[in-house]
Amino acid sequence: MRLSTDQLIFWQYGLLKLNATIVYTWGLMLVLAVGAKLITRGLATEITISRWQCGLEIIVTSMKKQIEEVGLRRPVKYLGFVGTLFLFIALANIFTIFPGYEPPTGSLSTTTALAICVFVAVPLYGIEERGLGGYLKSYVEPTIIMLPFNIMGEFSRTLALAVRLFGNMMSGTMILSILFIVTPFIFPTVMSALGLLTGMVQAYIFSILALVYIAAATGTGNSEADKKAS
Amino acid sequence: MDDTTIIAAASIVSAGLTMGIGAMGPGLGQGRAVAGALSALAQQPDAASTITRTLFVGLAMIESMAIYCFVISMILIFANPFWNHVITQVVGK
Numbered sequence: 000m001r002l003s004t005d006q007l008i009f010w011q012y013g014l015l016k017l018n019a020t021i022v023y024t025w026g027l028m029l030v031l032a033v034g035a036k037l038i039t040r041g042l043a044t045e046i047t048i049s050r051w052q053c054g055l056e057i058i059v060t061s062m063k064k065q066i067e068e069v070g071l072r073r074p075v076k077y078l079g080f081v082g083t084l085f086l087f088i089a090l091a092n093i094f095t096i097f098p099g100y101e102p103p104t105g106s107l108s109t110t111t112a113l114a115i116c117v118f119v120a121v122p123l124y125g126i127e128e129r130g131l132g133g134y135l136k137s138y139v140e141p142t143i144i145m146l147p148f149n150i151m152g153e154f155s156r157t158l159a160l161a162v163r164l165f166g167n168m169m170s171g172t173m174i175l176s177i178l179f180i181v182t183p184f185i186f187p188t189v190m191s192a193l194g195l196l197t198g199m200v201q202a203y204i205f206s207i208l209a210l211v212y213i214a215a216a217t218g219t220g221n222s223e224a225d226k227k228a229s
Numbered sequence: 000m001d002d003t004t005i006i007a008a009a010s011i012v013s014a015g016l017t018m019g020i021g022a023m024g025p026g027l028g029q030g031r032a033v034a035g036a037l038s039a040l041a042q043q044p045d046a047a048s049t050i051t052r053t054l055f056v057g058l059a060m061i062e063s064m065a066i067y068c069f070v071i072s073m074i075l076i077f078a079n080p081f082w083n084h085v086i087t088q089v090v091g092k
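Sequences listed follow chains A and B, in order.
According to numbering that gives the first Met the number 0, the first sequence is numbered sequentially starting from 0.
According to numbering that gives the first Met the number 0, the second sequence is numbered sequentially starting from 0.
Worth flagging that the hints you see were computed from the coordinates, not collected in a lab.
All C-beta atoms in this analysis are idealised placements derived from N, C-alpha and C, irrespective of residue type, glycine included.
Check the hints yourself; a few may be wrong.
Stated by the list, open to error - Some but not every residue of chain B turned toward chain A, in silico, with C-beta under 10 Å:
#1 ARG31
#2 SER48
#3 ALA65
#4 ILE66
This is chain B alone, in the form it adopts within the complex (with noise of 0.2 Å):
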């Protein structure tokens, strides 16, 4: 395998395993913060407001450890460094 190919193969697959492995922590923790806030407002629906406020940027700040994945994996599809850094020498010879 030239360089080219194992850039692109590395990068494809590591594409998929970081939105892979990066949905699955972010999900877990998002279950527990919803389940949590759901015993929550059946002890106390009166706080329900402060509950879901609380909720909804908690949920925000999981979530964007996801979306950090997500855009890593973008990244290294669409603006790839290394590819571009090979292809431009590629063509420079």
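Just chain A, same shape as in the assembly (with noise of 0.2 Å):
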């Protein structure tokens, strides 16, 4: 039994190897960029748009409110990070649906690479916002003593977002492949419902955390806000 996508291998020359990830990935990367290209192509503003246009506002519009409400005073900016690292999550679950396919999420590397990128992003924007003495003073903001584990929870933290998100989905893709051999029939389609819901779930999670990161190395979080209030 397979642990991780990364162990079937599709074409191997040498040392390099092209597996399931990989090939999964780039086929996940290719249809968002197309997709989108297609659906904005002809966008309109008038009273009737195109289905396509308007599902996609639906999905941005909610996005900027979901950012709005974790304390972010300039969704826009956020967008195009956690909208991508969301969007990207959430249709490399859904496409479980496609026989055959395995989600790039099952595998350890795709997740570690999605939680470096929130690992590297949050400094960056933390210091974009309060500048870098402000940025390093949050580590030891309720009292020097706490500098250490500050700096161990960014790393814990880390690992804890990229574990859990591969933990959720290859639990999934295990749990199928248990079921499949022990009652073959009708079970399996249940389980595989259930992983759709987890599998939106875990890209909503891991879209949040990123927020809830960014909002606290801003500053600009709801925490923050509610002290100034009281």
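Need the complex rebuilt from these two chains, each delivered in its own frame; the hints are there to steer you.
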């Protein structure tokens, strides 16, 4: 039994390996990019707009609303990063309805890459918003004693982000393949429907956590606003 | 018992224990979290969206504990480093 999609190799030439993770990731990127290009080709501002444009608008505006609710004041600035994370993970998890497809998020390499993106982006946004000194001061916020714990937390939450998404997606695929051995008729279908739900929730959680971290780093989060208000 | 048997038995038993004990704590935690969220929802139905969002994030945080246990038990069963080490030594002999 395979633990991750890295072990399914389509094509190999010497050290060059083309495994399922890379193939499916590039496929997803192609679908996202070509789809976005095709839909936004004929944007209209009339009363009647195309179905696809309406769907895309709903997605973008609801993401903007979510970002605002977390407490970030200029949602458009973070929409590119967090929205891409959400769309990629959600699409990767939804595509499991196609037979033969395995989610690239079920591989620790993909999820680690995504988590490292968040790990790099959070300080960048924080420095951009508060300046280098202001951002570094957030590490010694309550007292100086918290400094090592804050730094440790920075790393451990990156690890947690990666392992959470990987574990959830991998467990879904694994439970499905075990169920196919035990009860190969109706029950796996129910479980794969449940897997779709978990996939969506995990995509939401990943992007919301990235947002919460960004909000904490930029000091514009809800907690900060509450503190100022009280 | 030789080394291989001990490692195999220990891996299998501890994988089961990891999953069993590891599911217990997060289960209790999630139950408490949902109970708290439900009573908060009953008191303030207006704040439903905020409560639900916080609940989901919190549940994911709690659930990740169980997921870590699952990953560890999967590593113990399918990608055990000690087992691989022993097997390479036996083959190399």
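Comparing the hints with the structure gives:
Taking 10 Å as the C-beta cut-off, the interface hint given for ARG31 (chain B) is violated, the closest approach to chain A being about 19 Å. Because the closest C-beta pair between SER48 (chain B) and chain A is about 7 Å apart, less than 10 Å, the hint holds. Interface hint at ALA65 (chain B): satisfied, since its Cβ lies 9 Å from the closest Cβ of chain A, which is below the 10 Å cut-off. Given the 10 Å rule on beta carbons, the hint for ILE66 (chain B) holds: about 3 Å separates it from the nearest Cβ of chain A.
Hint violations for this structure: number 1 only, all remaining hints satisfied.
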